[in-house]
Every structure is written in C-alpha cells, then in structure tokens.
Amino acid sequence: MKKVIETIQLTKTFFLGDVKVHALRGINLTIYEGEFVAIMGSSGSGKSTLMNLLGCLDQPTSGEYYLNGVITSKMTKNEYANIRNQNIGFVFQGFNLLPRTSALENVELPLLYDRHGRVKNPIQQAKDALKKVGLADRMDHEPNQLSGGQQQRVAIARALVNSPSLILADEPTGNLDSVTSVDVFSLFQELNDNGITIVIVTHEREFAKYARRIVEVKDGLILDDYEVKNRLNAKEDMARLKHDESVVVVEEKS
Amino acid sequence: MKWKNLFKVAFKSLLKARLRSLLTTLGIIIGVSAVIIMVAIGEGAQREIEKQINSLGSNLIVIFPGASRTGGVSRGAGSFNRFTMDDVKKIEEESLLIKAISPIIRSGGQVIGGGTNWNTAIYGVSPSYLEIRDWELEYGEIFTERDERARSKVCVLGSEVAKNLFPNQNPVGEMVRIVNTPFKVIGVLKEKGQTAMGASNDDLILAPASTVLYRLSGGRYIHFIYASAASIERIAEAQEELRQIMREAHRLNPGDDDDFTIRNQTEITEAASESSEVMTMLLGAVAAVSLIVGGIGIMNIMLVSVTERTREIGIRLSIGARGSDILIQFLLEAIVLSLLGGLLGILISIGTIYALNEYSTLAAELNLFVVAIAFVFSGFVGIFFGFYPARKASALNPIDALRYE
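Chains as they are written, first to last, in our numbering: chain A, 1 to 254; chain B, 1 to 405.
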C-alpha cells in the first residue's frame, strides 16, 4: 500500500526566551493511503505541533518527513506553500473562515492560489465541494450567518476543493456541541469511505472511535498505536440521537 | 497566483471595508486635488497678468529714467537721469523704426466738475498716446498737435472719472477744474478694466503733455516715454535705435552706462510672470506636502490593517498562498487605494476649477501635465507607503499568524 505520510525521528524544539521546550522528541509515524487516524493526547503532549508539521505549516527542528514519498524537510517556503495548496487540506478547530466572505468564496480561495493551471472553473469546483458537504443551499451565506457545524462543513469543503491526497483536522469538533460533532464525524467517515486519507487530532476517546486507527502521543513521543476495535458508525449514532431528541420532545409534550 | 485573481482579492478586501477605504484615500484625494487646484490658480493668475500686460498696447516700448544697472556706483544727481521734451522731439525727428511716441507726465489732484469732485491721476501725453496704448474713445475726440503746441486747456476723461463727475450724461463740452485750472472736456475713454498691478486704467484724465507740463506740474521733466515700434518683428531693432538716440541726446561717452532703461512689452511680461511662477511653485509645493501626508495616512491604515488581518493572512498562507501573494495583495490594495484617491482628486479638482471660473473672480487654468503628474505620483505614493506594511504581512509565519488574537 502507498505511504502518504512517513516521518523518521521528527523533532521540534521551541525556545521560550532562554527555555528550550521539546515539543516533539522523535516521532516515527507511517500512515498509508485510505487510513483514518485519530491522534490523541492530553494538552501539551505535542499532538498539535505534530499536526502543524504534518500539514507543512511549520518546519521540524530535525528528522525527516516524507509526504507521498517526497522529502519535505528541506523544502523552501514557496514549495511548502505549494504543498499546502495542492496536497493537503487542513481543517482547524476555530474554522478559520474569512469573515464577511460568502461560503462559496471561502471554498474557492485555495483555487485562486493554484499555480499549476489545473483549475478550469473554480466556481463550479467550489460549488461541487460545497455540495459534497451538504451545503448546496448555503453557498451565499457568510460565516456569521452559519451555525458552528455549518461553518466547519464550509471549512471541510475548502479542504476538499483541491482534491488533496490528505486531510488533516486539528480538533475539528473542539468548538462544537456533541450532536454537531457526531454529524461532522459522519462527514469525515463518508469522505474516508470514498478513499481520502484523514488524520484527526482529538482528545475525546468516544470521537476517536470513529477512526480506524488511534495514535496516542505523550510528552512528544508516540505512546501507543493501535487499530480501533468496535469502530463506531457516526451516521448510525446520528440517527439514534435524532430519534432520542424526538422522543424527548414527545415526552415533553405529553 | 494569476494577476486577475490578485486584483480580485485586493478589490474584494477593499470593498469589505468601504468606509475605511474611503477615509484612507481622503488624504490622497485632498492632496491630489490641492496640487491641481493650486497650480491651476497660480497659472490662471499668471495668464491673467500676461493678458493684461499684452493689452498695454501694440509693440510697446517704455523708456524709464535711470540705469537698469548702477554697477554699485551711484551716478549721483545732476546727471541726465530725467527726460525732457527735447528727448522726445529728438526721437520723433531721428527715429525710423518708431511709428508713434508719447511723453508721460504724471500729475494728480482734485478735479471739480458737474457739481461734485473727484481725486484722480492726470497724465500729460501726446495725441498719439491712444494709438500706442490701443485705447479707444467712447465719446468726442482726442486733442490735436495744435492743442499740444498751444498748451490748450482741453482734456479726455477716463470712464471712471466721467461716471463719477457726470453720471448718466455725456460730459463732452462740459468744463472741469483740475487743481483750480479750468479744462474743457473734449472726449471720454472707453472702459478698460483693471491693470495687472491693480491700478485702474479708467480712473485718469489725459491732457496735452505741454499743458500738464507747464500749467499743472510746473516742471520741465517727463516721467516716462512710451513709443510704439513700427512692427513687432523689428521691436529689438527699434529698441536699439532708441538707445543710440537717447545716448546721443544725453551726450554719453562710449563706455558710459546708459542713464535710462528701455523695456519692451515682452520683457515686462516676462518679469511679471516670473514672480507669479514662483508663487505657483510655492503653492504646488505646499500642496505636494499634503499629498505626502496622505501617503503616510495610507501607510498608517495599511499597517493597522496588517495587524488586524493577521488571522486572515494566516488563513491564506495555510491554504497555500505564498509570501509573495500576500505581498502583492497588500501592495495592490495600497496602490488601488491611492490611485482611486488620485482619480477622485482629479475629478474634484476639475469640478472646483470649473466652479472657480464660473462663480468667482479667480481665474484657474487646468494644467493636464500637472494632472498626469499628480496621478502618477499618487500611484507611487501607494507603492512607496504600501511596501513596508505589505512586506511585514508577507513575512509572517502561517502558524504565528493563525494563532494571533
């Protein structure tokens, strides 16, 4: 199977004044095409730093990072920008949509920075991405007119629009309530079923069970790495939650 | 990123903050319109001065007493530094390139007539003075050579004087007393308006030179000599001829400096417009300072905008924008802002210049060259003052920019 991500002894050290902080102390991680990996860990474990390195938002202090078999550790800033644009879709905890900008324009944004001329019709491509996340009827809405779940769906559409080989999501449900979170995970599961490699950072064990594999990080090292047994299906959970809600509503009425 | 997209992104960002964009450009709008309007007013004034000096008369040559250069040595009193009727007569007899000549004797005083009185200037001139100055008569006629020889007490009133002494009536044939000497009015001049220097060409009385010389001023001396060259092409030759005649008349030895100054109309025009050119430049320079201040305003807002939009920059970087994309976006925003300001400034200044010409006494002349310069300059202001904030924005690290609160 094709390796999408391969890191060898990846480290990252920050300097806070004179104090050295070893956020990552040698991560060896391989992720294959079509996987759905949840990275877990408490805050300060280095999971977000690892995500930023995997997403080419930051450069490692040492070690090697191969993305789709290409070494990225020694790339220039512009090559990094190209990788972010072409190969990776990044979903943030805080959505990070442009304010006062319609959903469609937000999704279109990565296509505007495309340098390879492979985008023929950016608006159509953005519309298709929004349809995939179920927001065909909200294209003209600006972020402040959308609910949190809808905003995260727009962000996912933006991550999808360039058809990247990898989607990275850093606590994508951190700002959402539990029902909406399950809803977002059902979208991720659907995308993964269609063959997209997904890596998610989360610190909630119940959500991690929607993934196929869990990687636990602690103090900048990988503590554990295992397949998920009894994998949950977000779509079924969603149906059950909706049913419970209606039961609650009916009970209130009677 | 394609240029089309870059423009799209820059325009969208500006449109999202319409009020701020407008306020930012206000500095440039005011700067550009100030430059154009100030220069237009300056040039209008200059043109007005030239027009009025040209209306002094055709092919005018003026001879002033006194040397134009004293060379640091006072020539002292007693030298021929004033003119007499003999000078005029000699020129009249010897000159070939002069078609008309008139002495000017300035006097002034109280004029009584028509039951009222008026204080005005009295000029003693020859009958050809009207021809030299290109002046015309409204009523009556000018005095003749005979009046000149006979020192007749006749006069021609300027329109202002006529209006004040004899309102709503033709004063020809009436008597006026000029400083207690009775004069008969034989003509009235047409109205001409102000001179370039602000004096009125209508508030005066013309009388025969000999009459003013002997009956009013009581002296022998003439203040200026006005002459008209036979043709505009030969004005320099005529000037030189006059110089030789005057040197002879004043018995100057070769090597002596002239004790008079000869100026023709072009030289007078040049001297006057030179001073107003300096004024135009000063006005333009002051206005240019405001344009630079406007540019600093743009830099200020762009810097604030970079800080305020740090997250936006982070988002753009995280989805694959290069530093250069961000640089160009912010630079384009600054340039679009300043060019927009320049354009609005040009429109406002054109409107103002039109209004000034239409509804005020100020003459303003639109200089297209200055318009072009101001527009190009406003573009440069955008590049110059937009570059630093744009550089700052493009140098951000995506992670730091995204974390910025």
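For the record, the hints were derived by calculation from the structure and aren't laboratory data.
Every residue, glycine too, gets a C-beta built ideally from N, C-alpha and C.
Each hint should be verified, as a subset may be incorrect.
To be verified - Here's a subset of chain A near chain B, in silico, CB distances under 7 Å, partners left out:
1) L57
2) T61
3) T72
4) K74
5) T76
6) E79
7) A81
8) L98
9) L109
10) P110
11) L112
Here's how the hints hold up against the structure:
Evaluation of the L57 (chain A) hint against chain B yields a held restraint, the C-beta minimum of about 5 Å falling below 7 Å. Using the Cβ-Cβ criterion of 7 Å, the hint placing T61 (chain A) at the interface with chain B is not satisfied: the shortest such distance is roughly 14 Å. Look at T72 (chain A): its Cβ only gets to about 14 Å from chain B, farther than 7 Å, so that hint breaks. Violation of the interface hint for K74 (chain A) is found here, the shortest Cβ-Cβ separation to chain B being roughly 18 Å, above the 7 Å cut-off.
For T76 (chain A), the interface hint is violated, the least distance from its beta-carbon to any beta-carbon of chain B being 10 Å, above 7 Å. Interface restraint check for E79 (chain A): the shortest CB-CB distance to chain B comes to about 10 Å, outside 7 Å, so the restraint is violated. Hint status for A81 (chain A) relative to chain B: holds, with the closest Cβ pair at about 4 Å, below 7 Å. Interface hint status for L98 (chain A): upheld, as the beta-carbon distance to the closest one in chain B is roughly 6 Å, under 7 Å.
The interface hint given for L109 (chain A) holds, since its Cβ lies 6 Å from the closest Cβ of chain B, which is under the 7 Å cut-off. For the restraint placing P110 (chain A) at the interface with chain B, the shortest Cβ-Cβ distance is roughly 4 Å, inside the 7 Å limit, so the hint holds. Using the Cβ-Cβ criterion of 7 Å, the hint placing L112 (chain A) at the interface with chain B is satisfied: the shortest such distance is roughly 4 Å.
In summary, the numbered hints that this structure violates are 2, 3, 4, 5, 6.
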